[in-house]
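Can you make the complete structure from the sequences, with help from the hints?
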Amino acid sequence: MKKIFSRPESLTAKRNIYCSGCGHGIVHRLIAEVIDELGIREKTIGVAPVGCAVFAYDYWNFDVTEAAHGRPPAVATGIKRVLPDRVVFTYQGDGDLAAIGTAETVHAANRGENITIIFVNNGVYGMTGGQMAPTTLIAQKTTTTPLGRDPKIAGYPIKISEALGQLEGSVYIERVTVNSPKNTIKAKRAIKKAFQNQIQNKGFSLVEVLSMCPIAWGVNPVEALKWIEQKMIPVFPLGVIKDKDLTAKGNL
Amino acid sequence: MGKIIINIEQCKGCKLCVIFCPKQLIKLSEKLNPAGYHPAEFIDNGQCNSCGLCYQMCPDVAIEVWKGEKR
Amino acid sequence: MENRILMQGNHAVGEGGLQGGCQAYFGYPITPQNELTQYMAKRMVEERKVFIQAESELAAINMVFGASLVGARAMTTSSSPGISLKQEGISYMVGCELPGVIVNIQRGGPGLGNIAGAQGDYFQATRGGGHGDYYLIVLAPDSVQEMYDLTREAFDLADKYRNPVIVLADGILGQMLEPVKIVKKNPMSNFSAKKDWILDGCKGRKPRMVRSLLMGEGVLEEHNLKLGKKYERMRKSEVRVETDNLEDAEVALVGYGISARICKEAMEIARQKGIKVGLVRPITLWPFPEKVIAENVDRLKAFLVIEMSLGQMVEDVRLATNGKCPVYFYGRTGGGIPEVDVIVERIEKILK
Ligand SMILES: Cc1ncc(C[n+]2csc(CCOP(=O)(O)OP(=O)(O)O)c2C)c(N)n1
Ligand code: SF4
Ligand code: SF4
Ligand code: SF4
Ligand SMILES: [Mg+2]
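Protein chains in written order, with my numbering: chain A, 1 to 252; chain B, 1 to 71; chain C, 1 to 352.
Because the hints were derived from the structure by calculation, they are not lab data. One thing to keep in mind: the hints can contain errors.
[Said to hold, decoys possible] Per label pair, the in silico range of CB-to-CB distance: (1) A/P151 x C/Q38: 41 to 49 Å; (2) C/L112 x A/E168: 28 to 36 Å; (3) C/R205 x A/T128: 29 to 37 Å; (4) A/T144 x C/S84: 26 to 34 Å; (5) B/A35 x C/D196: 30 to 38 Å; (6) A/A139 x C/Q38: 44 to 52 Å; (7) A/Q196 x C/L112: 25 to 33 Å; (8) A/P146 x B/G46: 48 to 56 Å.
[Said to hold, decoys possible] Within a straight-line C-alpha distance of at most 25 Å, the following computed BS3-like cross-link-like pairs (lysine-lysine) qualify: (9) A/K43 x C/K49; (10) A/K14 x B/K23; (11) B/K31 x B/K3; (12) C/K229 x C/K49; (13) C/K195 x C/K229; (14) C/K194 x C/K206; (15) C/K264 x C/K349; (16) A/K182 x B/K27; (17) A/K14 x C/K206; (18) B/K3 x A/K226; (19) A/K3 x B/K67.
Here the structure is a predicted model, which is why all the values come from computation and not from measurement. Just so you know, even glycine gets a beta-carbon here, dropped at the ideal spot from N, CA and C.
Okay, here's the thing in structure tokens:
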């Protein structure tokens, strides 16, 4: 017998502390597999966020730094400008990337920093107890929108990936999800491309992953998969948002 | 012919592997693991085709998939 | 004059940083330090080093964080409102034990205040400044030459202790033109070779992490105690102070930075009048030169502290005298400059 699927080398053996059915664990693995496949484990530097994934440095088996809440793109910029031949990526939640860190995100993209961003959109602030995130859906109940998000008071779910696509500096932006094996395999392909772009010096690449947070959504892990299908995807449609490779060929 | 090995300690009983196995070869155990979850259990009846769908969905990377060598 | 060139204070900070081995500079425009960021925009590129005009001071300090954790000597400069924004990053750098140099060309506050030189950020600089339980070395130049020298040396101190260092100057010094003796390459600046904690990819070694989140029971306390020992070492080894005329003085003026220059002038005039006045000029504001003050409490009739604030350093002078000698204060705030005549009058009044 031959082992054909198992823990990638870029993941440590440590048990993660995420809730049962949490999407973070899947996304961590996809990144680890991509890094293994590209043979870049020894030259990768990851930037972990403040959010549920704050302990990511315990789970990834390569160099990882912490960054203050929302600041990973600025930290990654400092790293990459000093060591341009290393592979630098950030891993950020929706609160981290699209609320407190919006300026850092927009300007890293606008400068065309040659980094990779993996953006985990679960529509809530998981870590602090399921409060409203900038990506929370209209009418979605959270601990700070107990009656559901009312756009008159709390605005609209932010489509930051589409906004970033408008910037000249961004090269590749795709939205994926991990709510089924098929989608997970597609998500990995997108993540791989986002890393390859960096290796080929193409510039700023971001993959937004719609990810399950069964705890804050008040559903079980299996229902969370459907929640993504039925509630999130209609607002956050999957697919390539920008790909300069394709626009260059006139395909998008 | 294939098989999977589930790391009982890391499994959190989310059932994502259970619902995606095309051959219904995974169920949750009656027993509890040290973390208090009913871990997944492989029903080894020779039907596993090593498709890896269970692996793809496991948030805890608690599943290893093995494939039989061709003789 | 050998090797001396006329330089503006802001430029001297930039050149001092470069000669201190600065490999990456991140800034954001703010008066009265714009000439500094502009200088670095030109010089860093000439030297083929990293320069970024960041989108904010928050971003700039976090870029310093990133550059530092991969081993580069990194610097950011700003003025008071911008330094407030940098406090988040400074606190994280201390927690993660990352070196770096932060220069504050102080202006009037609170709020947007004004763009005149001021000394209102003493508390912020010497008490950590951001959240948490920490200290930083704070260097206070009083001339363009010192702007150059102290910025250069700040990089060594930062690397030596793996802790950020602040250079605390002000808008007047920033704009001042004086001759500067350019010293090339610091004899001390060899710390970068020994950085065995940086993240640069885990080739041939175990992966490393940089973090300040320490959640286990007692783990943060242990970490902070370790940092505490570092602060103790700084207290023992890094105090710098200039004194003058203390031997026969009845009153000692205490001032730092631009205020110290005013004190020196006042001391001259008072001495011409036959009044025995001495000077204590802290060059490190933290660690504070409390010993030289404590040693003189019996000999002196009083200390007179001069600041461009409502009175901040005066508290450290009082702590150092421990009630054993009267401490008087004269300051101007909001960009006002203490007047030499007033200082001399105050001294006369104290001695009456
Ligand atoms: C400056 C600052 N403000 C607030 C917090 C508290 N905080 C920690 S994580 C978080 C939100 C995380 O949400 P998200 O980025 O969506 O990540 P998730 O936990 O959902 O994966 C907040 C507000 C903090 N750590 N720092
Ligand atoms: S709160 Fe949500 S995002 Fe955080 S670990 Fe739990 S499921 Fe995952
Ligand atoms: S590898 Fe495929 S067939 Fe085998 S247990 Fe997993 S999902 Fe079922
Ligand atoms: S997917 Fe993983 S964690 Fe969930 S039940 Fe199956 S083995 Fe356990
Ligand atoms: Mg979130």
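Outcome of range test on Cβ distance (C/R205, A/T128; 29 to 37 Å): holds, 35 Å
Take the C-alpha atoms of A/K3 and B/K67, compute the straight-line distance between them, and say whether it is at most 25 Å. holds, 6 Å
Go ahead and decide if the range 48 to 56 Å is satisfied by the Cβ distance of A/P146 to B/G46. holds, 52 Å
Given the hint of 26 to 34 Å, check if A/T144 and C/S84 actually sit that far apart at their C-beta atoms. holds, 27 Å
Starting from C/K264, check that the Cα of C/K349 is at most 25 Å away, please. holds, 19 Å
Is A/K182 close enough to B/K27, meaning Cα to Cα at most 25 Å? With a Cα-Cα distance of about 21 Å, the restraint between A/K182 and B/K27 holds, given a limit of 25 Å.
Tell me if the beta carbons of C/L112 and A/E168 are separated by a distance inside 28 to 36 Å. holds, 32 Å
Is A/K43 within 25 Å of C/K49, Cα to Cα? holds, 21 Å
Taking 25 Å as the top limit, are the C-alpha atoms of A/K14 and B/K23 close enough? This hinted pair is violated, its Cα atoms lying about 30 Å apart.
Just tell me: holds or violated, for the beta carbon distance of A/Q196 and C/L112 against 25 to 33 Å? violated, 46 Å
For a C-alpha distance cap of 25 Å, please report whether B/K31 and B/K3 respect it. Holds, because 21 Å separates the two Cα atoms, which is no more than 25 Å.
Honestly, do A/P151 and C/Q38 meet the 41 to 49 Å range at C-beta? holds, 44 Å
This entry does not satisfy hints 7, 10, 12 and 18, going by the numbered hints stated previously.
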